Structure formats: structure tokens, C-alpha cells
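Q: Sequence:
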Amino acid sequence: MTGAFALLGAALGLGFGMYHRLLARHTRVVGFLEAELARSVTSLVAAGESEDVEFKASARWDFDRDSVNRELEHGVVRTIAGLQNHTGGSLLLGVDDAGIIRGLQRDYQTLRRSDRDGYERFLTELVRTRLGGDVCPLVHVTFHRVGDHEICRVIVEPSSRPVYIEDHGTYRFMLRTGNSTRELDVREATEYIPRRFGTTAHNATGTKPREQLSRSILQHPSSRGSL
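With this note's numbering, the residue at position 96 of the sequence shown is 96, and numbering never jumps.
Hints are computed from structural coordinates only; laboratory data are not their basis.
Computed from a predicted model, the values in this text were never measured in an experiment.
Please note that a few of the clues may not be correct.
[Claimed, not checked] DEER-style ranges, computed between Cβ atoms:
hint : residue 1 : residue 2 : range
1    : 111       : 194       : 18 to 28 Å
2    : 149       : 197       : 21 to 31 Å
3    : 134       : 63        : 13 to 23 Å
4    : 147       : 185       : 37 to 47 Å
5    : 194       : 98        : 14 to 24 Å
6    : 50        : 120       : 18 to 28 Å
7    : 74        : 196       : 18 to 28 Å
8    : 115       : 178       : 10 to 20 Å
C-beta: ideal position from N, C-alpha, C; glycine also.
Input sequences plus hints: build the corresponding full structure.
A: Okay, structure coming up:
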């Protein structure tokens with residue numbers, strides 16, 4: 001009988017612990033989103049790029065080449081992962097590095113469904129396939145009218161686990177630093193990840209201990225440049 005009560009007490013304690021952790025996370029998420037939404041799009045554009053704000057003229061249309069460039073999608077994924085691995089923030093699509101509003105019309109024209117819904121579906125699928133479906137709820141897509149143009153604001157919550165870009169078995173770890181996003185090398189990643197997330201790193205499908213992470217990152221040359 002004593003053992004049964006002990007098990008019941010342990011189960012109740014575990015349940016209350018999980019409840020309080022979920023409540024604390026909910027409170028943090030609400031606080032983060034309230035703070036982000038308090039910053040207007042026009043004020044973000046006026047302030048310029050920063051540690052938690054990135055501009056991109058487009059996600060698919062290359063204005064220099066005057067054609068579709070799928071490499072631009074990789075830049076979007078890099079920024080989202082970098083923000084998730086840091087403290088979160090906003091990615092503005094349709095605004096170039098100089099803060100000039102380009103709009104989304106060219107990007108819309110590259111999609112089968114050339115409107116807001118099609119664009120949001122495109123971004124959601126991009127995050128799901130490149131970063132993992134479990135991080136999709138951390139990404140919030142909104143649209144805004146600025147003058148004659150429409151732009152997209154991607155609000156990115158900070159992640160509770162490391163977010164990697166998987167590239168043919170190689171796990172690339174991005175981090176937002178200053179007003180750019182960079183890929184950490186093996187030494188930087190293995191030092192930063194335990195400090196930011198705890199002693200164990202996770203990929204999109206399960207646990208990836210530090211030793212495995214080191215081997216994954218070592219499979220490719222490190223990139224220290226910004227987007």
C-alpha cells in the first residue's frame with residue numbers, strides 16, 4: 001500500500017512539474033509575441049537590420065538575374081534557423097538590404113498560387129522540409145501593406161532545441177550574430193549548443209550527442225560569412 005501511494009505521489013509530482021513547465025513556456029511565448037507585434041513593420045524598416053531583424057528582397061525572384069533563383073530559398077532558411085538558435089526575431093521579405101520596399105509581386109508570380117495563401121504555404125513547406133516539421137509552430141507568417149507594395153513578415157520564436165539545416169547528411173548550425181547570420185564551425189557549435197540548450201543537442205528527428213554533432217559538422221568546410 002505504501003508503495004502504491006509512493007507511486008501515486010511520484011506520478012502527481014511529475015504531472016504538476018510538466019504542467020508548470022508548459023505554463024512557463026506558454027507565458028514566455030506570449031510575452032515574446034506581444035513584444036514582437038508591438039514593433040510595427042514601418043518602424044522595423046526604418047531602424048534597419050539588427051540582431052533580431054533581417055531584410056530580404058525576395059525568397060525566390062533574383063532581381064539581379066531577373067529570374068528565379070532557388071538559392072535564395074536557402075538564404076531564407078538560414079535566417080530562420082539562425083534566429084531560432086538565438087533569441088528569435090523577424091524576417092522581412094520584400095525589403096532589400098538598404099531598406100527599400102521591393103514588394104512580393106515578383107515572388108508571387110513564381111508560385112502556382114500567386115497570392116498570400118500560396119506564399120504562406122510555400123514558406124511553411126520550406127521550413128518543414130529543411131528544418132523539420134516540429135519547428136513550424138515557431139514560425140508565424142503575416143502580411144502588411146506598405147505604400148503600394150505588400151511585404152511579408154516572418155516572426156520567428158526562439159527554439160528550445162538546436163535547429164539544423166540538413167544537407168545530404170550534414171547538419172549545418174546557423175546563428176544570428178549582429179546583423180548577419182553565420183554558420184558556426186565545429187568548435188563554436190559544440191561550445192554554444194550546450195550553453196544555449198543544455199548538454200544534449202537534438203536534430204529534427206531525435207537526439208544527437210555532442211560527439212555525433214562534431215562529426216556531422218566536420219563533414220563540410222565551415223562558413224564564417226554572412227548572408
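Q: State, for the Cβ atoms of residue 149 and residue 197, whether the hinted interval 21 to 31 Å holds or is violated.
A: 38 Å, violated
Q: Using the C-beta atoms of residue 115 and residue 178, is the stated range 10 to 20 Å upheld?
A: Violated - the Cβ-Cβ distance for residue 115 and residue 178, about 35 Å, lies outside 10 to 20 Å.
Q: Take the C-beta atom of residue 134 and the C-beta atom of residue 63, compute their distance, and say whether it sits inside 13 to 23 Å.
A: Given a distance of about 34 Å, which is not inside 13 to 23 Å, the answer is violated.
Q: Given the hint of 14 to 24 Å, is the C-beta distance from residue 194 to residue 98 inside that range or not?
A: 38 Å, violated
Q: Do the beta carbons of residue 147 and residue 185 sit within 37 to 47 Å of each other?
A: The hint (37 to 47 Å, Cβ to Cβ) holds, given that residue 147 and residue 185 are roughly 42 Å apart.
Q: Is the gap between the beta carbons of residue 74 and residue 196 within 18 to 28 Å?
A: Holds: the Cβ-Cβ distance is about 23 Å, inside 18 to 28 Å.
Q: Note whether the CB distance of residue 111 and residue 194 lies within 18 to 28 Å or breaks it.
A: 40 Å, violated
Q: 18 to 28 Å was suggested as the range; check whether the CB atoms of residue 50 and residue 120 agree with it.
A: Since residue 50 and residue 120 have Cβ atoms about 25 Å apart, the given range 18 to 28 Å holds.
Of the numbered hints stated above, those contradicted by the structure are hints 1, 2, 3, 5 and 8, listed in ascending order.
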